[in-house]
Structures are given as C-alpha cells and as structure tokens.
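First to last, the protein sequences are chains A and B. Mapping of the first sequence onto numbering that gives the first Met the number 0: position 124 corresponds to residue 123, and the numbering continues sequentially without gaps. Mapping of the second sequence onto numbering that gives the first Met the number 0: position 15 corresponds to residue 14, and the numbering continues sequentially without gaps.
Please note that a few of the clues may not be correct.
[Claimed, not checked] Distance condition first, Cα-Cα at most 30 Å in a straight line; then the derived DSS-like pairs of lysine-lysine:
| no. | chain 1 | residue 1 | chain 2 | residue 2 |
| --- | --- | --- | --- | --- |
| 1 | A | K80 | B | K115 |
| 2 | A | K227 | B | K67 |
| 3 | A | K194 | A | K62 |
| 4 | B | K3 | A | K153 |
| 5 | A | K219 | B | K37 |
| 6 | B | K161 | A | K46 |
| 7 | A | K40 | B | K67 |
| 8 | A | K46 | B | K3 |
| 9 | B | K3 | A | K40 |
| 10 | A | K153 | B | K120 |
| 11 | A | K86 | B | K37 |
| 12 | B | K115 | A | K227 |
| 13 | B | K48 | A | K227 |
| 14 | B | K69 | B | K55 |
| 15 | B | K117 | A | K86 |
| 16 | B | K117 | A | K40 |
| 17 | B | K126 | A | K86 |
| 18 | B | K48 | A | K153 |
| 19 | B | K55 | B | K3 |
| 20 | A | K153 | B | K115 |
| 21 | B | K69 | A | K40 |
What the hints contain is simulated information worked out from the structure, not anything from laboratory work.
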Amino acid sequence: MRLLLISGFLLISCTFVSAQNDRLYAGIFPELGVNVPLSSKLKFTAKIESQNGLFRNDATHNKDWSYYHNQTDLQSFLEFKLTTRIKTAIGYQYRIEDGDNSHRSIQQLTWLNQFRIFRLGSRLRADQKFSPSISPEYRLRYRASTDIPLQGDKLDDGEKYFLLSNEVIYALQEGESSIENRVVVGMGHFFNRTKKLELSFDYRTDPYFPDIDRHRLWCKISFYWNLKGFTK
Amino acid sequence: MSSKKVFFLILIFFFQFSSFAQKIEEESRVSEDVVPEKALTFVSELGLKNKTKWYKERTSGRDSYECKFKANSKFYSVEFDTLGVIEDIEVLVKKRKLTQEELRSLESGILKEFEKFKWVKIQRQFKGTNSELNKLITDTNETIPHNFEVELEGKSSEDGWKMYELLLSPNGEILMKREIQLRPTDNLNY
C-alpha cells in the first residue's frame, strides 16, 4: 500500500512538474490478456488494451479535462517455449485509432533471470507498423521488468506483489529516429496461477531527439487470465 | 461526472487496492513474538550481527518456522518445527565455490536423470545436533557431512525442459525429485 502510494505520488508529481511547458496527456488504460496453452511448448495469447484520455494539455487543448478515446489495440501472439525460461513469440496487432487504423507485426524474445529475492524478466521486441495514411514505422524495444512478492520470499495465492518495469523504444520512420521511455510502477494481486490483477502507473516520455516534449501518464488496470487449454 | 472527478476517483481506487484482497498464505513473514522459544534461543546463541527474518511456512499441510539471515558472507536458512526443534540448515552456495569433487559428483548424478541441465540454485543442507549446527555457523572452518538441495532446469526426452528441485547426496545420488511450477510470466512478457 505504502509502496504504491509513494511511487504513484512521485510519478504524478514528476509528470506534472516536468511537463509544465510540454504536451501532457493522462487517462485510464484497461487491458485484458488471455493465455491458452496449445501444447507443452506452444501458447496462444490474446490481448485487448484501450487508452482512454481524461486530460490534455497541448497546442489545441488548454488543460482540458474531458474524455476522449485515444486508441484500442487488439493483439494476438503465438509463443514457443525454447527452455523453461526462454520464450519466443510472433504476434499481430490491429489498432483502432480515430480515422487511422493500423496493422503491426511483432517478433519477440523473452527470458527470465531468477535472483535470490526477485525475478527479472527481459523482453526484446521488434515491431513494424503499417497504415494506409502514414509511412511504415520500425521499432526495436527492450523492457526489463520485475515483480517482487510483498509477503515472504515467494508469491503464494492471494498475495500481493510490487511491480516495476522500464522499456526503451527506438523508432525509425521516414529516416527519422526517436526514442520513447516507459516506466511502470504498481501493485499486483496474485489470485492464483490462473488469474492476476495489476494496478499501475505507466509514465511515457518521448521523443528525446532533440528533447522530450510529450509526457503521457496512464492509470493502468491489467487482468491476466490463464486458461487450462489443451494440455494435460 | 466530469473527467477530472473520474480521474481522481480512479486514483483513490488505486490506493485502496491493497485492502480488498483475502490473505491466504503458504509462506508468511512473522514477528519474533510468535516464534517458539526454543527456536529463538538457538538463533540468539549464534550471536548474529545482521538482522534476522522469520517466516511461517506451510508445506503439504505441515507448519514450520524458518529464520533467514546473512552471516560470514553467506545466506542461511534455518528451519524449525512448531515446537522450535531445529530440522535443518540450508546455506546458499555458488557453483564456483563447490569443490571439484563435489561438482563432479553432483553433475554425474544429475546427468543420469537428465540429458541436459542448467543450474539455478544450490544449497548445502545440514542436519545434526544443536551443537553441531551451532558450530557450523559460528565457526567458519567447521563442516559436517551434508546433502545438497538444488534447483535446476532439466531436459529429458519425455518431458522436454522443466524446472526441478532435487535433493542429492554428496556422491550424487538423487534422494528426492520434484517438479517446480514456475509462476506464469505473462505479465513480464506481454
């Protein structure tokens, strides 16, 4: 509780202070992920996530507190387990975005490092975005994330965990480069091996070339559901 | 309701999040007050400089108490039953700190069970009398015959790669084998 309160307060303060002269957007970001194992090595994941803005401050909106739909992503992934801790996946995303829907192909490699009191998940991902109105965008991204049990050394059913992640995204579009950084801090509730709920703050800054001029703060509500699937 | 109100209501919901869930624990941190006297006495006689952390564990319906601490640059875990009688001491050890002979014995035992494997965690597991186990921590040169509790990723032709916990004797004989279910990583991967 205190961890979420402190980290949330710091993140919100940091966002509003650092974004005083920049574009700032904030809102809620629900997401639902459903996993279905297809065999002992193969797994299918479907995910829906939606960004719903509640605040805008930019050239056309002056500290405007009004609802707007930013985008909704429909994702699907086919994951192949290389070892117990190394997995690779390919995916497809369809983005619904006011008048500019797009397609995205995704490839990723993930691996897990177990330390004495926490585990560190690494994700290396490449994606390519195609849309009828904009030139293709190519991105290479790396995310390090961890979830630390808050009651004891291991996470049991019904317990909570602290989550923290940082992702750096390099994007190339029409020969122009940009970088985006995403920090996520929050808390998760591990109901059991099939369900978990996470509440977090997702703070995004870009484009870093030449400087940061956009800040986005999302209150994220994520639910992960693992179905039994077709395995024994 | 304005967007501003919605935003702040969501923030309040976030901060209330930790209070709604039920608490069902298999391993939980406990204060010294609930630990059996005998167990506290054993630990206090060690004269530890670093702080200790106490846990109550329930494994297969059986309760026990565990004290974790760092001493002599090593991580110790001392397990007691509910009456405070010491059951074993586990000491975390790095692979490079094992002797050549220990490593050879363990690897040959593991390779009888698996085609390939990767080390995850190695612990020396000591059992003995109170005074033997006390000396083990207070006197760094002291040692007694012991088993090894290891966690590894093992590959077999039938099951592919899986995570296991093994208890091995010093000559590499497998005394116990159980599969470890890794916590789902969907939140870290997607």
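Here is what the structure says about each hint:
A threshold of 30 Å between alpha carbons decides the hint, and for A/K80 with B/K115 the separation of about 16 Å falls inside it, so the pair holds. Between A/K227 and B/K67 the alpha-carbon distance is near 36 Å, which puts this suggested pair outside the 30 Å criterion. With a C-alpha separation of about 38 Å, the suggested pair A/K194 and A/K62 falls outside the 30 Å cut-off, and the hint is violated. Distance hint between B/K3 and A/K153 is unfulfilled; the C-alpha atoms sit about 39 Å from each other, more than 30 Å.
For a cut-off of 30 Å, the pair hint linking A/K219 to B/K37 is broken: about 48 Å separates their Cα positions. In summary, the hint linking B/K161 to A/K46 is supported, as the alpha carbons are separated by about 26 Å, within the 30 Å threshold. In summary, the hint linking A/K40 to B/K67 is not supported, as the alpha carbons are separated by about 36 Å, beyond the 30 Å threshold. About 28 Å separates the Cα atoms of A/K46 and B/K3, which keeps this hinted pair within 30 Å; it holds.
About 46 Å separates the Cα atoms of B/K3 and A/K40, which puts this hinted pair outside 30 Å; it is violated. Taken as a hint, the A/K153 and B/K120 pair is honoured in the structure, with Cα atoms around 15 Å apart against an allowance of 30 Å. Between A/K86 and B/K37 the CA atoms are separated by roughly 47 Å; this puts the pair beyond 30 Å, and the hint is violated. A hinted pair counts as satisfied when its Cα atoms are at most 30 Å apart, and B/K115 with A/K227 qualifies at roughly 28 Å.
Between B/K48 and A/K227 the CA atoms are separated by roughly 48 Å; this puts the pair beyond 30 Å, and the hint is violated. For the hint linking B/K69 to B/K55, the alpha-carbon distance of about 18 Å falls within 30 Å, and the restraint holds. Between the alpha carbons of B/K117 and A/K86 the distance comes to roughly 16 Å, so the proposed pair stays at or under 30 Å and holds. Note on B/K117 and A/K40: the hinted pairing holds, with a Cα-Cα distance of about 18 Å set against a maximum of 30 Å.
For the hint linking B/K126 to A/K86, the alpha-carbon distance of about 39 Å lies beyond 30 Å, and the restraint is violated. Among the hinted pairs, B/K48 with A/K153 is consistent with the structure: their alpha-carbon atoms are about 25 Å apart, no more than 30 Å. Note on B/K55 and B/K3: the hinted pairing is violated, with a Cα-Cα distance of about 45 Å set against a maximum of 30 Å. The suggested pairing of A/K153 with B/K115 holds, with an alpha-carbon distance near 27 Å, which does not exceed 30 Å.
In summary, the hint linking B/K69 to A/K40 is not supported, as the alpha carbons are separated by about 39 Å, beyond the 30 Å threshold.
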